[in-house]
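Peer 1: Each chain is listed here by its residues.
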Amino acid sequence: MSSEPLAATAVDTAVRSNGSTGEWLRQVGGVLRLELKKTFLSRRGWWIYCLALGPFAIVVLHWLIELQRSRGVINGRHSLGEDSIAFAGIFLLYYLRAGLFFGCMGIFANLFRAEMLEKTLHYYFLTPLRREVLVAGKYLAGLLVALALWVGSVAGSFLLIGRHFGTAWSEYLWHGPGMSQLGSYVLVTALACVGYGAVFLMCGILFKNPFIAAAIVWVWEGINPFLPSVLKKISVIFYLKTLCPVEVPVPPPFNVMVTETDATPFWIAVPGLLTVAAILLVYSAISAKNAEINYGE
Amino acid sequence: MSDNLITFTNVSRFYGEVLGINNVSLSVPPGITSLVGPNGSGKTTLMNLMTGLIHPTEGEIRVLGIPPDHPERLCRVLGYCAQFDAFPKGITGYQFIYSFLRMYGKSDAECDQRTRASLEMVGLTQAADRPVAAYSKGMRQRVKLAQATAHNPRVVVLDEPLNGLDPLARSEAIAIFRQWGGEGRHVLVSSHILHEVDQISDQVILLSQGYVVAEGQIQGVRSEVKEQPMQIQVRCDKPSLLAARLFQQDHVVEAKLSPDGKGLLLRTRDADSFYLLLNRVILDSALEVESVAPADDDVNSVYHYLIGEGSSV
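Chains as they are written, first to last, in my numbering: chain A, 1216 to 1512; chain B, 534 to 846.
Just so you know, these hints were derived from the structure itself, not from any lab. You may find that some hints are simply not true.
[What the hints assert, rightly or not] DSS-like, lysine-lysine: derived pairs with alpha carbons at most 25 angstroms apart: (1) B:Lys771 x A:Lys1334; (2) A:Lys1253 x B:Lys795; (3) A:Lys1253 x A:Lys1456; (4) A:Lys1423 x A:Lys1504; (5) B:Lys670 x A:Lys1334.
Using the sequences and the hints given, assemble the complete structure.
Peer 2: Next comes the structure, spelled out in structure tokens:
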């Protein structure tokens, strides 16, 4: 072992450093790189990739079956409109209610909690990073992964679900409502990642077991259609649903329990969700600032 | 002046109802300072407090004038090699050091250069591209040391840094600590290997049950322990004569001749009086003295006098 001499001048300059915006951006970039390396395509997250790719795989299967039908190998066909409603059902019942919710939970709740469990969070806490910058960097890393997985999965599934209709589907996409619907689904997916991401990041910082909190949020989001209209609005799913391009009716006998509420306009739903996410992130940053390294020893 | 010190002012830390440290006031100057105490005495709590990993329940801490709750300033001047033997998953030794150096906002080239220099410092250049998970315990300890000091900090805090190191790496690490201490850095080391603490420390802080029992240079601390007579080893040609003269003194508690008949181990309550008497005996009896040395002003003895035989370090 050998040591280099103390660079006093450099260190003194460092002491005076208060952190400029440029430096914060470089630091956020550093956190992003490390987090993406640790979490993106890691073996630990295999179940999240399964959740994201599951519906896409089903849609691929559907496409292959419909190709067989069009060649007369299998009997029976359905309309393009039915496929559109089927996708709306998959999007609402699978993506929003289950896959995306749990996927975001797996990504964002673990950003801090997994580091506590693996006893590695102190490495971050011992660098000259403002905790707010750390929260921002980790959230952005989680968001990038979530967007890549879920927007990719939703867009891929949508583009493929009517592919077997050939030119009719191309017409629907390019000259009909297709691209607008796709844009809406992508926007809702992105907003869901932003909103649920902020919720679960906060859960991961505040709770030793964030999954209990996540289960409570899930039940709350699940019973949303049956809640009184005031309570309905205290949720993420309510605003997301109002942004969905195709409405999915609640099937009987549950439809009798549904309470009707006026849809929230786009210009309230989108900024509203972003504001809620920002508030949760600020609270997460404050919590992280006061957080201590206690690995339960 | 306080901008060159690490200061604790009436600092207490409780974990619920459990005491971590209580009402600690310290002022640590540059050089190598060892934290010594049994398990649970508060060594790691003290280190975690000064590095901002935990917050004090009461009191104030300053590291070179910087409060620990400002990591963006503190961590530029401080490096902490904690005791946790855990690393981010799937990362190589090089990536481990480089990735966290990026948080200092340095350029790629500077991070690369510092990473390579610190890997070289701990002798891990060859293993730089291997996953840390495949490292031996000693290599993991060394890469942690390199990561904690890659940014060239003025304050280096090391929790049991010699654990897991083989004798060669241990002596190399001690040489680095000495060099850092000599350069005017603050090097705080906790260790349970008392003879190594003795070798490297400029000053010690003895902790027991959350309290600072003693602090300062070890000889100074030893001389403060009045209730334990000082042990002094004298090698000379007439130890029996010296023993006879010593027994006439009130302050001499015990004198034992060494088996080879050329030495004497004595215990005295007043070392200064003994040294005066020794000078007189040398002049009166033409005593030829080979060496005179305190036999219990090491960390081990002071530790046992102040904290007790039964305590495990």
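Peer 1: Decide, hint by hint, whether the structure agrees.
Peer 2: Verification of the hints:
With a CA separation close to 62 angstroms, the supplied pair B:Lys771 and A:Lys1334 exceeds the 25 angstroms bound. Under the criterion of a C-alpha separation no larger than 25 angstroms, the hint pairing A:Lys1253 with B:Lys795 is inconsistent with the structure, at around 67 angstroms. Restraint check for A:Lys1253 and A:Lys1456: the C-alpha separation of about 33 angstroms exceeds 25 angstroms, so the hint is violated. At most 25 angstroms may separate the alpha-carbon atoms for a hinted pair to count; A:Lys1423 and A:Lys1504 meet this at roughly 17 angstroms.
For the proposed pair B:Lys670 and A:Lys1334, the alpha carbon gap of about 16 angstroms is at most 25 angstroms, so the pair holds.
Violated hints, listed in ascending order, are 1, 2 and 3; each of the other numbered hints is respected by the structure.
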